[in-house]
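Chains as they are written, first to last, in my numbering: chain H, 1 to 269; chain Y, 1 to 269; chain S, 1 to 294; chain G, 1 to 294.
No lab work stands behind these hints, which were simulated from the structure alone. From the three backbone atoms N, C-alpha and C, an ideal C-beta is built for every residue, glycine too. Among these hints, one or two may not hold up.
As the list claims (entries may be wrong) - The calculated BS3-like cross-link candidates involving lysine-lysine, where the alpha carbons are at most 27 Å apart (straight line), are:
1) G:Lys148 <-> H:Lys182
2) S:Lys131 <-> Y:Lys78
3) H:Lys136 <-> G:Lys131
4) G:Lys131 <-> S:Lys148
5) G:Lys262 <-> G:Lys281
6) H:Lys163 <-> H:Lys136
7) H:Lys197 <-> H:Lys163
8) H:Lys182 <-> G:Lys131
9) Y:Lys187 <-> S:Lys286
10) G:Lys148 <-> S:Lys131
11) Y:Lys163 <-> Y:Lys197
12) S:Lys281 <-> S:Lys256
13) H:Lys187 <-> G:Lys148
14) G:Lys131 <-> H:Lys187
15) S:Lys256 <-> Y:Lys136
16) Y:Lys187 <-> S:Lys148
17) G:Lys148 <-> G:Lys131
18) S:Lys131 <-> Y:Lys182
19) Y:Lys182 <-> S:Lys148
20) S:Lys131 <-> S:Lys148
21) H:Lys78 <-> G:Lys286
22) H:Lys187 <-> H:Lys202
23) Y:Lys197 <-> Y:Lys187
24) G:Lys262 <-> H:Lys136
What the hints assert, rightly or not - If we take Cβ atoms under 10 Å as the criterion, some of the chain G residues that face chain Y in the derived model are:
25) Met1
26) Arg110
27) Ser113
28) Gln114
29) Asp168
30) Asn172
31) Gln174
32) Gln178
33) Phe186
34) Lys190
35) His205
36) Ala206
37) Ile208
38) Thr213
39) Tyr216
40) His219
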Amino acid sequence: MAYAEDYSPNELLVATAARELRDGELGFVGVGTAGRAFTLAVGIPIAAARLAQMTHAPNFTIYWGNLLSPDLQRIPPKLTQHHITTWPAAAQLSNTGDKCDMLARRQFDVCFDSAPQIDRFGNLNITAIGEYRRPKARLIGCLAQTDHLAFVSRPIVLTDLRKRTFVERVDFITSVGYLDGKDSRIKAGLAPGGPWKVITDKAVFGFHAETKEMQLESLHPGVTLEDVLESMSFRPALPQHIGQTEPPTQEQVRLIRQEIDPNRILLVA
Amino acid sequence: MAYAEDYSPNELLVATAARELRDGELGFVGVGTAGRAFTLAVGIPIAAARLAQMTHAPNFTIYWGNLLSPDLQRIPPKLTQHHITTWPAAAQLSNTGDKCDMLARRQFDVCFDSAPQIDRFGNLNITAIGEYRRPKARLIGCLAQTDHLAFVSRPIVLTDLRKRTFVERVDFITSVGYLDGKDSRIKAGLAPGGPWKVITDKAVFGFHAETKEMQLESLHPGVTLEDVLESMSFRPALPQHIGQTEPPTQEQVRLIRQEIDPNRILLVA
Amino acid sequence: MQRKLMQLSDAARLVPSGSCITIGGSIIRRTPVAFVRELIRQGVTDLHVLGFPAGITTDMLAGVGALRRVEAVYEGLFQFGMAHNFRRGVEAGEIEVRDFPETAMIARFRAASQGISFMPTKVLLGTGMAKHNPEQIREITCPFTGEKYHAVQAATSDFTVLHGYVGDEFGNVQWPVQRDSDDIDFIQAKAAQRLIVTVERIVPHAEIARQPTLTYVPHQWVEAIVEVPYGAHPGSCDGYYDEDEEHMQYYQECAKDPARFKEYAATYIYGVTDHWDYLQKAVTVKRLSQLSVR
Amino acid sequence: MQRKLMQLSDAARLVPSGSCITIGGSIIRRTPVAFVRELIRQGVTDLHVLGFPAGITTDMLAGVGALRRVEAVYEGLFQFGMAHNFRRGVEAGEIEVRDFPETAMIARFRAASQGISFMPTKVLLGTGMAKHNPEQIREITCPFTGEKYHAVQAATSDFTVLHGYVGDEFGNVQWPVQRDSDDIDFIQAKAAQRLIVTVERIVPHAEIARQPTLTYVPHQWVEAIVEVPYGAHPGSCDGYYDEDEEHMQYYQECAKDPARFKEYAATYIYGVTDHWDYLQKAVTVKRLSQLSVR
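Next comes chain H alone, as it looks inside the complex (with noise of 0.2 Å):
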């Protein structure tokens, strides 16, 4: 398990994602958008799946599109629509209000999510910059990622250290993670949950056990803390010992390249 030395900050990425999910669970995986956000919140998640099912979790499964469990050893070469319809799967449900039952019940143990604004407790806004019934920015609105943050185990949160989007409060609540910290999730009526990491291309967070606050778990190679705390609008918990974030292996780095996205389909931005 030598680590490689040759490898992108994208890959970087999926490996330390990939860590993150057990053998036999279910993960959910948005769709679409474009661009940086693409690869957020569905590439590096999909390549995640893959590397993981090629490693350590032969049995992990994702929902993807209306999909569930679709052939990752048979990515498509273009996300348009026939693709997506033909794509082989275990299943695909009556409709999607069938997913939203499933994540009801909690039968989703992981999910990748990213968002424009993630504050100090892992609250998520996807809706509104501003002033929500005059905005500044209008946004996308709330998909499932509210659902994702209310009733998944184990949210993951990808998405890129920046001032503007690590704030001390989001402006609007699209997604309750630990909402005003302690027990203050428990308390609005919500299962136990909220973000499980915080995964940056900077840094790894957690949130402390606690307070609710987000931790600095491990800094990327090459990163210093310095670094960290200037892109961010608010001081993170930081533990007693801040490790590195473990890089990928050879192995890794060749499986991603070769075997899981050797036409650059998911990693593109």
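With chain H's structure known, arrange chains Y, S and G on it following the hints.
Quick look at chains Y, S and G alone, frame taken from chain H:
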């Protein structure tokens, strides 16, 4: 439109029921059971529906099994499973829940129901005779009869007139007719509705506009008022003038015998 | 995907006495009769059954004294008449019943399938079912319209057992395009805590993956899948075989009389070693071929 | 069964300005774009749209100033990015929005489809959507468990418009076995008050009656059915044609700038006499053949 002189009691019931069906409407017909119960709950309603289609209501359609608008020109020779599975129809929705939704949305205009107990206010009992928790006779439960009486605009009850069937008060209210009469049905929270007609082997009944008591409408040819009153445990409301049930026409009898039920599958008992 | 394929006896062993168990199918169609015979053979008793329309499986359990309580929309045997064993048990005060009309029972299974503890419905207003069951049916008010509703309790059970058409070793179960959809197997599967499915035939996963929209039970919901050809006999499996009218009539003849039903059970349930042995006793090759509609 | 077949212009004429209208499909898949272009041509305005994920149809209505309010789970154009016209309208305070996550919006359509005025859900607890929308989201308590829930209001609209695959003259609409089921067209159809369906092709009733389980919209629910080949262009219709990426990119280029979108609308919406004329302007025979996946 000459009236027939030679017709069976069941043929009279078919013609009487058919007259209540209007063009473009949707009717609910049950399935299953055997003997006289089958003829009352299934055979007569299907024959009436087809007769209505062939005469005054060409666009009348039924729901039967889980089939919407099965082709009544092709009534199966036997009602075993495969004949139901393969009966041509406009639609077979994904599960029985969809039918219940159509009921609750009041998409059915008429339905046909039968019961071992019906009372003065048109409440029906198909659940238990005697004490509910320790019944003298346990019956079949509820099926969707409760739903019919709650949600269908004009339920039609088809039951033979017997003292033990037409009782002052049902032992158990499976299906709410006019509850305790007057506006008690509405006060209970239900929408307007309740049984439209009660068609028996001796007479046809409706319900009094104000009191909601069962009211005699017409006597079948050859039946006297005394016959009727002796066959009931309560005295129905009697109008000023009691008419005679219109007999089937020669053409109706011909259609029933030659085209609708030539093999006596429907009118068996 | 994980392998969930099991033998019938091992799958039945998952269910302890005293369990609450949802039984799928409809009366005498696509209902897991072979599984229930196996449960009875293993001596499982004191069962609480949730059904939609209950039928032959519930009546069998009543006949051998293994039934404590039923919640369903109907108990009977369709064109073959009343469920005699069940009826006797209720009249003797040995079996407890909670009755629900279809809209209410579906609301209960939908609630369970959607991860919520109740569902609103108007169908029970004014009925005897609501009057006699304040534990599971309670009045509520719509916060928007002020209308009166009942909340009905989610239909949650320890186990759910269905009989299906075909499936793969991972537990993906598919229906054919031509089928009889007059049941709520899909909702019951989605509502299940621990789901056991018997199927007419196990097929390769590649066959399933070719038409994923036909999968109505995805592998994620399934704990055990078992290949049981003719698993619904003497009932029918739409698209596979019709109900065995002769056997059903014989069953009813026996069920009318407790002593004769004891004989029936001794012959067809206790007196066989397994499902193959049952088929050997209950049908001939000629009979199976007459029942087949494939 | 009654004949429900209509011309596109006659069906669009059913919808008056100021209506609340549910638009089916998903973003740029199987959504009734031709119908919406016809509505715009007829000058219908002041619309209140309910969608699941809203997409190109909502953005077009926003772009021509015909949109008053939207309730949906998403507004955007999938891989083609943001819904620029919509976004501008909201930021300018001209379009009102009520946001719902998928579980909540589905609960709302399910309530409407089940004839009940509300549905319980936990998904909105603690969210901004609940905080800003007390008209449609209210706290309630489960009478069995005492847990906190929200009641969400049934999603009832004056009209529902869907684009489907094939249907008959009576309004029975079927899907193919191989399809993309990631939408709630079926629930929206079941929830409809007045339902208009455009389909790729009208087929004889006998073809429908052969496989009744494929009918997802039965004739009883339908007020008008219209044959509109390529009715979802420039979006896709799964199993029929892919999204027209070139046209979509051009649409987005125009939508970024109000003046340019005016030009787009002048050319492709107002500047055509009917759907055939639109197709003639928007695609070549060669392009259609490239998009086809049949």
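Each hint, compared with the structure:
1. Between the alpha carbons of Lys148 of chain G and Lys182 of chain H the distance comes to roughly 19 Å, so the proposed pair stays at or under 27 Å and holds.
2. Straight-line distance between C-alpha atoms of Lys131 of chain S and Lys78 of chain Y comes to about 40 Å, which puts the hinted pair past the 27 Å bound.
3. A distance of roughly 19 Å separates the Cα atoms of Lys136 of chain H and Lys131 of chain G; the hinted pair therefore holds under the 27 Å criterion.
4. Annotation: proposed proximity of Lys131 of chain G to Lys148 of chain S holds, straight-line Cα distance about 26 Å (limit 27 Å).
5. As the CA atoms of Lys262 of chain G and Lys281 of chain G are separated by approximately 17 Å, the hinted pair is consistent with the 27 Å bound.
6. Annotation: proposed proximity of Lys163 of chain H to Lys136 of chain H holds, straight-line Cα distance about 17 Å (limit 27 Å).
7. Of the supplied pair hints, the one linking Lys197 of chain H and Lys163 of chain H holds, its CA atoms being roughly 18 Å apart against a limit of 27 Å.
8. Our distance criterion of 27 Å between C-alpha atoms is met by Lys182 of chain H and Lys131 of chain G, whose separation comes to about 21 Å.
9. Simply put, Lys187 of chain Y and Lys286 of chain S have alpha-carbon atoms about 60 Å apart, too far for the 27 Å limit, and the pair is violated.
10. As the CA atoms of Lys148 of chain G and Lys131 of chain S are separated by approximately 26 Å, the hinted pair is consistent with the 27 Å bound.
11. Under the criterion of a C-alpha separation no larger than 27 Å, the hint pairing Lys163 of chain Y with Lys197 of chain Y is consistent with the structure, at around 18 Å.
12. With a C-alpha separation of about 22 Å, the suggested pairing of Lys281 of chain S with Lys256 of chain S holds against the 27 Å cut-off.
13. A threshold of 27 Å between alpha carbons decides the hint, and for Lys187 of chain H with Lys148 of chain G the separation of about 10 Å falls inside it, so the pair holds.
14. Proximity of Lys131 of chain G to Lys187 of chain H is assessed by CA-CA distance (about 16 Å); at most 27 Å being required, the pair is judged to hold.
15. Of the supplied pair hints, the one linking Lys256 of chain S and Lys136 of chain Y holds, its CA atoms being roughly 16 Å apart against a limit of 27 Å.
16. A hinted pair counts as satisfied when its Cα atoms are at most 27 Å apart, and Lys187 of chain Y with Lys148 of chain S qualifies at roughly 10 Å.
17. For a cut-off of 27 Å, the pair hint linking Lys148 of chain G to Lys131 of chain G stands: about 15 Å separates their Cα positions.
18. Restraint check for Lys131 of chain S and Lys182 of chain Y: the C-alpha separation of about 21 Å stays at or below 27 Å, so the hint holds.
19. At roughly 19 Å between alpha-carbon atoms, Lys182 of chain Y and Lys148 of chain S fall within 27 Å of each other, so this suggested pair holds.
20. Our distance criterion of 27 Å between C-alpha atoms is met by Lys131 of chain S and Lys148 of chain S, whose separation comes to about 15 Å.
21. For the hint pairing Lys78 of chain H with Lys286 of chain G, the CA-to-CA distance comes to about 21 Å; that is within 27 Å, so the pair holds.
22. Taken as a hint, the Lys187 of chain H and Lys202 of chain H pair is broken in the structure, with Cα atoms around 33 Å apart against an allowance of 27 Å.
23. The straight-line distance between the Cα atoms of Lys197 of chain Y and Lys187 of chain Y is roughly 22 Å, inside the 27 Å bound, and the hint therefore holds.
24. Taken as a hint, the Lys262 of chain G and Lys136 of chain H pair is honoured in the structure, with Cα atoms around 24 Å apart against an allowance of 27 Å.
25. Given hint, Met1 of chain G at the interface with chain Y, holds; its Cβ is 6 Å from that chain's nearest Cβ, closer than 10 Å.
26. Interface restraint check: Arg110 of chain G against chain Y, minimum CB-CB distance 9 Å, threshold 10 Å, status holds.
27. Taken as an interface hint, Ser113 of chain G checks out: its beta carbon lies about 5 Å from the nearest beta carbon of chain Y, inside 10 Å.
28. The interface hint given for Gln114 of chain G holds, since its Cβ lies 5 Å from the closest Cβ of chain Y, which is under the 10 Å cut-off.
29. With a least beta-carbon distance of about 8 Å to chain Y, the hint placing Asp168 of chain G at the interface is held under the 10 Å criterion.
30. Interface hint at Asn172 of chain G: satisfied, since its Cβ lies 5 Å from the closest Cβ of chain Y, which is below the 10 Å cut-off.
31. With a least beta-carbon distance of about 9 Å to chain Y, the hint placing Gln174 of chain G at the interface is held under the 10 Å criterion.
32. A hinted interface residue such as Gln178 of chain G counts as satisfied when its beta carbon comes closer than 10 Å to some beta carbon of chain Y; here the least separation is about 17 Å, so the hint is violated.
33. The interface hint given for Phe186 of chain G is met, as the beta carbon of that residue sits about 8 Å from the closest beta carbon of chain Y, less than 10 Å.
34. Using the Cβ-Cβ criterion of 10 Å, the hint placing Lys190 of chain G at the interface with chain Y is satisfied: the shortest such distance is roughly 6 Å.
35. Taking 10 Å as the C-beta cut-off, the interface hint given for His205 of chain G holds, the closest approach to chain Y being about 8 Å.
36. Interface restraint check for Ala206 of chain G: the shortest CB-CB distance to chain Y comes to about 8 Å, inside 10 Å, so the restraint holds.
37. Look at Ile208 of chain G: its Cβ gets to within about 6 Å of chain Y, closer than 10 Å, so that hint holds up.
38. A cut of 10 Å between beta carbons decides the hint on Thr213 of chain G: the least distance to chain Y is about 5 Å, and the hint holds.
39. A distance limit of 10 Å between C-beta atoms decides the matter here; for Tyr216 of chain G the minimum to chain Y is near 8 Å, and the interface restraint holds.
40. Here the hint on His219 of chain G is kept, as its CB sits about 6 Å from the closest CB of chain Y, short of 10 Å.
Taken one by one, the earlier hints fail for this structure at numbers 2, 9, 22 and 32, listed in ascending order.
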